[in-house]
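Peer 1: Each protein sequence line maps, in turn, to chains A and B. Residue numbers are given in my numbering: position 158 of the first sequence equals residue 158, and the series is strictly consecutive. Residue numbers are given in my numbering: position 422 of the second sequence equals residue 774, and the series is strictly consecutive.
For the record, the hints were derived by calculation from the structure and aren't laboratory data. All of these numbers come straight from a predicted model, not from anything done at the bench. Quick reminder that beta carbons are idealized off the backbone N, C-alpha and C, glycines included. Treat the hints with caution; some may be incorrect.
[Stated by the list, open to error] Covered stretches of chain B (in silico footprint by chain A; criterion: 3 or more residues with CB under 8 angstroms from a CB of chain A, positions within the stretch not fixed):
(1) 623 to 635
(2) 662 to 674
(3) 681 to 692
[As the list claims (entries may be wrong)] According to the in silico footprint, chain B covers these stretches of chain A (three or more CB under 8 angstroms from chain B):
(4) 146 to 153
(5) 170 to 178
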Amino acid sequence: MAALVYSFDELMSEPAIEEPLIAGGVRCHGGYVGGEYISPRSVVRRPAIVAWRQRLVDDGHPLIHVPEKYVPPNYPNYPQAKYLLKEGVVEPVTRALTIISIVEGFGARIREVRVPDFAAEVKESVEGTALAHLANGLFEAHARDEAGHRNEGGHKQMWEAARDLGLAKPHVPGDVLLRLMTGSPVGERVRLYPELSERMENMIVMMANVLIVENFAADTFAWAQQLLGDPEVSADPEHAAHVVDCIARDEVPHVDYLTVALSELRARTLIGANGDEISGTDAVDAIFRRQLRGMATQRPRLARDRLRDEIRQAITDTQRAAVIARRFEDLDSGWAFPHADDEALDVLLTAA
Amino acid sequence: MGRLAERLYRNARIGWTALCVWLRYKTPLWWDQLLRRDPAQRDMKSIHQRNADQIFNAAVSMRGMLVKMCQVVGTRSDMFPPQYVKTLSQCHDRLPPRDFATVKQVIEEDFGRPLEEIFSEFSPHAVAAASLAQVHRARLVDGREVAVKVQYPDIEHIIRTDLTASRRVAAIYQRFDSNPMDFLPLLDELQRHLKMELDFRREAQSAERIRGFFVNDPTVRIPAIFHEHCTRRVITMEFVEGVKVNDREALEKAGIDYSDLMVRLMRIFNQMILAHGFFHADPHPGNILVNASPRGKALFTLLDFGLAKELPDGFGLGIFELMFSMMTFNESAMLRAFRELGFETRNDDDSTLLMIARRMIARSDTGAFQGEFTEDMTDEMFDAIRENPVVKVPIDFVLVARAFALLSGIAHTLGQRANALDAMGPAVAG
Chain A
1 MAALVYSFDE
11 LMSEPAIEEP
21 LIAGGVRCHG
31 GYVGGEYISP
41 RSVVRRPAIV
51 AWRQRLVDDG
61 HPLIHVPEKY
71 VPPNYPNYPQ
81 AKYLLKEGVV
91 EPVTRALTII
101 SIVEGFGARI
111 REVRVPDFAA
121 EVKESVEGTA
131 LAHLANGLFE
141 AHARDEAGHR
151 NEGGHKQMWE
161 AARDLGLAKP
171 HVPGDVLLRL
181 MTGSPVGERV
191 RLYPELSERM
201 ENMIVMMANV
211 LIVENFAADT
221 FAWAQQLLGD
231 PEVSADPEHA
241 AHVVDCIARD
251 EVPHVDYLTV
261 ALSELRARTL
271 IGANGDEISG
281 TDAVDAIFRR
291 QLRGMATQRP
301 RLARDRLRDE
311 IRQAITDTQR
321 AAVIARRFED
331 LDSGWAFPHA
341 DDEALDVLLT
351 AA
Chain B
353 MGRLAERLYR
363 NARIGWTALC
373 VWLRYKTPLW
383 WDQLLRRDPA
393 QRDMKSIHQR
403 NADQIFNAAV
413 SMRGMLVKMC
423 QVVGTRSDMF
433 PPQYVKTLSQ
443 CHDRLPPRDF
453 ATVKQVIEED
463 FGRPLEEIFS
473 EFSPHAVAAA
483 SLAQVHRARL
493 VDGREVAVKV
503 QYPDIEHIIR
513 TDLTASRRVA
523 AIYQRFDSNP
533 MDFLPLLDEL
543 QRHLKMELDF
553 RREAQSAERI
563 RGFFVNDPTV
573 RIPAIFHEHC
583 TRRVITMEFV
593 EGVKVNDREA
603 LEKAGIDYSD
613 LMVRLMRIFN
623 QMILAHGFFH
633 ADPHPGNILV
643 NASPRGKALF
653 TLLDFGLAKE
663 LPDGFGLGIF
673 ELMFSMMTFN
683 ESAMLRAFRE
693 LGFETRNDDD
703 STLLMIARRM
713 IARSDTGAFQ
723 GEFTEDMTDE
733 MFDAIRENPV
743 VKVPIDFVLV
753 ARAFALLSGI
763 AHTLGQRANA
773 LDAMGPAVAG
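So here's chain A without its partners, still in its complex pose (with noise of 0.2 angstroms):
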């Protein structure tokens, strides 16, 4: 059986490449092996992922994950982004990707999480899982691959630099910060589980979040990836397709390291705030149910409301405006997330 502890370094080792990935004239994270593109911090984190994942299985337990049927697909979809690029209103696109990159760049924050107490909080041990990890490896590695580390760029900056490519280096529009800012409202916080200490539940709903995002990415790649790598409207098809393709490659053990941790978590007991004990498949199922239908039914409707007001915006000729905003909504897959709000939802895997 393969390994299941490992050091801090360890984790971080780097594969040995051949040739950096330059992108759009940055220097970036992983490289190249016999023209093959290698992730960063690959060598020990892939294979480790893989070893905990194995005995979750062996042990029986469920894998939590998004079935595809809950993703929804990214707005404006490829012939809607392709569409407004050929009628010249690049704005919208650029802004779309612009946003990608900075909450990519974001996602280095999952480095300040503070993780609980393991051994107070949940019942069973976790010596030699992924949980055991995360403060000493996991987290780092996930933050520097989102927003680059020292002299090398993260997806932060090969997002831009697809975009730059595949854009002809567009005119980033001045309101992409407050289009982000606007867009997630600081609230109260509310507690999802008050049974749990409040390190606990903020832990399991910023991995539940990040990997609900990441899961819903994938069809944002699908589509950079094709827009991106459209001659028809991509400066340079070949190099923007490829950029993306190496972010797609570099989020698989973002999946893989959350869904193994949280599933970790659900198949253990919990200890709540009061010494109480909480089985971890109810307190983590709850809050993965929740996050994932408030984002797939939120996220789909922001995007609608804002790109219908981008096109406005974007093309002054109002008659213009009008007949391009039809053709876009003709366009649009009608997408809508599937269960009522008091359905529960399907998320787990029983993995091979």
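Here the structure of chain A is known, so what remains is to put chain B in place on it, guided by the hints.
Peer 2: Below, chain B alone, put in the same frame as chain A:
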């Protein structure tokens, strides 16, 4: 005092102050040359301090432009030693008020009718007095309670006189000093700044513009401006009371939960600085009042938009990129951000900019940049820039850094952090 006499007095006082300052620097230098000592070894701190004290005293007694000049110098840590910055930034706009007759005269001149026809009540005692204007509490004839900011009638004349005198002194200094510092850009900046501040209609417009940013945010309040009762020298606005944002005791007494006050306040300034590119550049505690929401949360009232500032297109994104790259210590991204913001080095030398960033980060509480520009960090940055005069710092950056440092000061009084990145990104549980 007649205008001519006043002009002569002000010219003489400015000239005398400048001469004293200059001699305090030059005399030790001449001694060093005579005694063949290395002037670089001399500790200049006490000389800087004495000069700053004298300028401060002259400004407080002469008011007008000199107070404003002190305030500008007090923000230019990139140009002046810390003794000047610390001393002259204390030159707050709090001065003894002028008599009521002066205020009444301005109002009646500007509106062309008696004060009583506009206001049913007008307190003869000023609520606050500053270098350019003072504020009175009053009631409009329709019953609404208002604050009336009235400009001093002779202030434009005083400013013109002082600016002319200062330019003359600067020219004389440049002619006679072998290695002069160029004060003219600073005086140009001051002149531009005063021109804007003296037109209260602009301040009213700035308030309206900022109100527009928060029209859907019930936690931010900008006092209503009564435009029909505003002129170039008079602003009439809604009278608002509240607790000073950094007064912990008063916040507690008012039943305001301030546990997340800073993240909310930073979000407001983030929106102005990073997103809208137009911001209230003087967020000192006296300009931010707090009231309690029905649920006991902080509702903010922003006051005094005389220093509202427009930022160039894309500047907010540049600041964000700089903060973000500092957080991750991504050197290449940091350099791109410095350049995009308009930082320049003489030989296009990146190492100077990186050295500045490293010094700033080292001065943060944790040794890592986590989204907060503390006063210590901005001080360190400006120290580094002064020591490397080949660096050109964009004035907009200076103003933004100062605003963030002021917010950081408020945060520290409340035992919180002024983390700009925390306030804009998805919340990280902690």
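Peer 1: State for each hint whether it applies.
Peer 2: Now for the hints, and whether the structure bears them out:
1. 623 to 635: Since 5 is at least three, the answer is holds.
2. 662 to 674: Answer holds; 5 residues pass the 8 angstroms Cβ test.
3. 681 to 692: Per the Cβ count (5), the hint holds.
4. 146 to 153: With 7 residues in contact (Cβ-Cβ under 8 angstroms with chain B), the coverage given for the stretch 146 to 153 of chain A holds.
5. 170 to 178: Our answer is that it holds, as 6 residues pass the Cβ test (under 8 angstroms) against chain B, meeting three.
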